[in-house]
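Trainee: Starting from the structure of chain H, add chain V where the hints point.
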Amino acid sequence: MLLIQCPYCGARPELEFSYGGQAHIARPAPPESVTAEQWVEFLYLRSNPRGVHAERWRHVRGCARYFNALRDTRTDRFLATYRSGESPPAVPGTGQP
Amino acid sequence: MQRFSAWSLLKQAFGGHRGWQPQWRRATPKPAYDAIVVGGGGHGLGTAYYLAAEHGMRNIALLEKGWIGGGNTGRNTTILRSNYLFDESARLYDHSLKMWRDLSQVLNYNVMYSPRGVLMLAHSVHDVQVLKRHIHANRCNGVDNEWLSPAEAKAFCPPLNIEHNIRYPVMGGALQRRGGTARHDAVAWGYARAADALGVDIIENCEVTGMRRDASGAVQGVETSRGYIASRKIGVVAAGNSSVVMAMAGVRLPLESFPLQALVSEPVKPVMPCVVMSNSIHAYVSQSDKGELVIGAGTDAYTSYTQRGALHVNMHTLAAICELFPAFRRLRMLRNWGGIVDVSPDRSPIIAKTPVAGLYVNCGWGTGGFKATPGSAHLFAWTMAHDEPHPINAPFTIERFRDGRLIDEAAAAAVAH
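Protein sequence lines, in the order shown, are assigned to chains H and V.
Read in order, the letters of the first sequence correspond to residues 1 to 97 in this note's numbering.
Read in order, the letters of the second sequence correspond to residues 1001 to 1417 in this note's numbering.
Careful, some of the hints might be misleading.
[Unchecked claim] Here are some, though not all, of the chain H residues that point toward chain V, as calculated from beta-carbon distances under 8 Å: (1) L15; (2) E16; (3) S18; (4) A36; (5) Q38; (6) Y44; (7) L45; (8) N48; (9) R50; (10) H53; (11) R56; (12) T73; (13) R74; (14) V91.
[Stated by the list, open to error] Facing chain H, according to a computed beta carbon distance under 10 Å, are these residues of chain V, among others: (15) R1178; (16) E1204; (17) L1255; (18) G1298; (19) T1303; (20) Y1305; (21) T1397; (22) E1399.
In short, the hints are calculated from the structure, not lab data.
Glycine included, every Cβ here is placed at the ideal spot set by N, Cα and C.
Looking at chain V on its own, in the form it has when it is part of the complex:
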């Protein structure tokens, strides 16, 4: 791996930048591996990286049916935060948020982590009570979160309209200063490059079409569009397609796959200093370093695998944003797209062993998985390597639905489900 540094940049500049190598090999599948990760998004690539970097495994394949980072990793609105209500969630998401801090150094790849603050708005007495409850719960768990009055919110985010001339005036907000954004593509590429350097075979355009199990029921390997690949340890991180892949091994999951849309405006000069989100009226906006306003819309009502949704869902969000930010009314929207998110009944993920020996699953991230990428990958790699969950992800099992131990974060994802 060519390390990136000021010196390497200078050296390559003198060579006309012709000396850069591809950042990962174009691997072809071997007949067998010690571990296989199915799904080349951020969570899957990170899993492969941590299996190699922290658990000493080298003979690992990552299988991706398309191109790495082409699913929800490349389609989300790049928001990072950890202000979740319940203890289990706070530990999980804060584990991840702490990992974002030095991820660029660890991977030697600039993931552009920007802790610019995430401001969640309140528009009713109920909102105020709910957000203050979140703040107190977060602080008990060592997660920073603080209450801002409308005037303080306006000072923190100047384009925000705090006048009483809108349908749902701003009554304050909860600010997590460590929250912010990161560059989504860089996360996928950074993990891919670092994993490849440790010997992980990243195999793109390789779709898993079936799973083989032995007489005892344990996994033996996967059938793919590029032939059979054997492994006794298989981790599935397939987001919206988790139900489909796990069904190949006879495992049913409590998931439904919905389209979730996002859109960006034409690029403008810096105008949004932070991330603003509102549960109640469904606004969700930040500004990329390129200058586009990045806007998250809601999920469509029905399950789908189409990676697209209906325009009225976007219009609903834009109406709210135009009320909250009158200055944005003249902006034109540049493009919109959809991703397929796997929503669990309690809106919390599953990072767990499965009833099938050797098969592990990391799914159910629903509408908010990007923020958890490093932590999720780190804990899932631990779970696969040790064949038991790390204490942080131990509550996030499939069996919690049978045992009634739900982690009901339905309110936390801040988008309409």
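Next comes chain H alone, as it looks inside the complex:
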């Protein structure tokens, strides 16, 4: 089980959280001018990297707030967590912005 650092509440066990998928995906707008390719990009295409992944978590059985995390999918180690709306922090040695 993962130990996850909620940016609001601190470290809590994985069971208190729900996973929200890849982070920083913006809905294209306006809808009437969005092409089929853009909808595919938004709805279905995911980076699914073997490495550092920026993703959303929700502390659903705690403060109930969404936040973002950087996690290495090769090890499941969390490199950083940060609040929604913030840019991903620089993590040394990962080549991540």
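Mentor: Then chain V, alone, in the frame of chain H:
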């Protein structure tokens, strides 16, 4: 290839079984091939075999980064069935289920196909309606599936608890009698041996690290940990790593890779005559010929490539199994493990050409690919050989997500996604 038969077994017995040869050669990569299959699981090995056996190709390489059958082929719970809801899926999975019947004879290798029946349980009025809908849809598509009352389910599977003393009592079940199990390792080894006999080079410990494309964009070959290998026809069957391999050719896929766990109990005498699964409370159990109860757990919540998951996922499944099968409460679990499954948005696979000329992909099997091994391999080989999809896999394109023609089998895999 040494053929297996009662006679060859007897002959080798007199020689102290010292005359058996390795079942496939330890091939070293040649500079170029007519076709390359990336991924040495059952689907990939089968693809290489059918390219050779049915499409007359001989100069084929199969590249596997580890050992063949070491990924999801060796990690699944070996369940076979074809009771999927939609027409496209029923055709695809039933094509495969029919191929299981004589696969041992075709490969001259005992894959231990056992049509012992797959029983899917209902625990609510909604479950009953959904399963009956499946039964009717299946029968319209020529796929056997029948409704059992709780008493009939108990008669078919005696250890099942149909009393009302559990949280979600059994309200009946859908039984596919042609469903069952097969020996997963034997499938990989059988295909490898048969493909090798037709000249396919099976190259293990050879990881694809890059793809070369020419000025027109078509594939030219693959960079590997054992050097560059040229080919104008490349099929990627890399399961959980499909996104990673296809990204090397600049192709993005609608996939996410999740850990899916399974576990086995200590071996006991025959106690489970069939496969039982329950969507609602997430139980998934059969018994191997060795005597272990083989239990499928759910996927973890998050994407990962670690080939392991969290214990609470297994505990959730075990709690359901202890309710349904009170006799199993005293069994100890022997070991658990995880595999990485590539889940598509509609839970249906992609067996298709790609926007890159000469590059083909077979992926998105998610939590239920083993059952489809022969059919998937057969259709993918056809697609690679003809440079166009077989009618059965024609709907399973990448473009279906753009065109809104999803094959939404999210309910069919019977595990929590």
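Trainee: Okay, which hints does this one fail, numbers in order?
Mentor: Checked against the structure, the hints that fail are numbers 2, 5, 11, 14, 15, 16, 18, 21, while the rest are satisfied.
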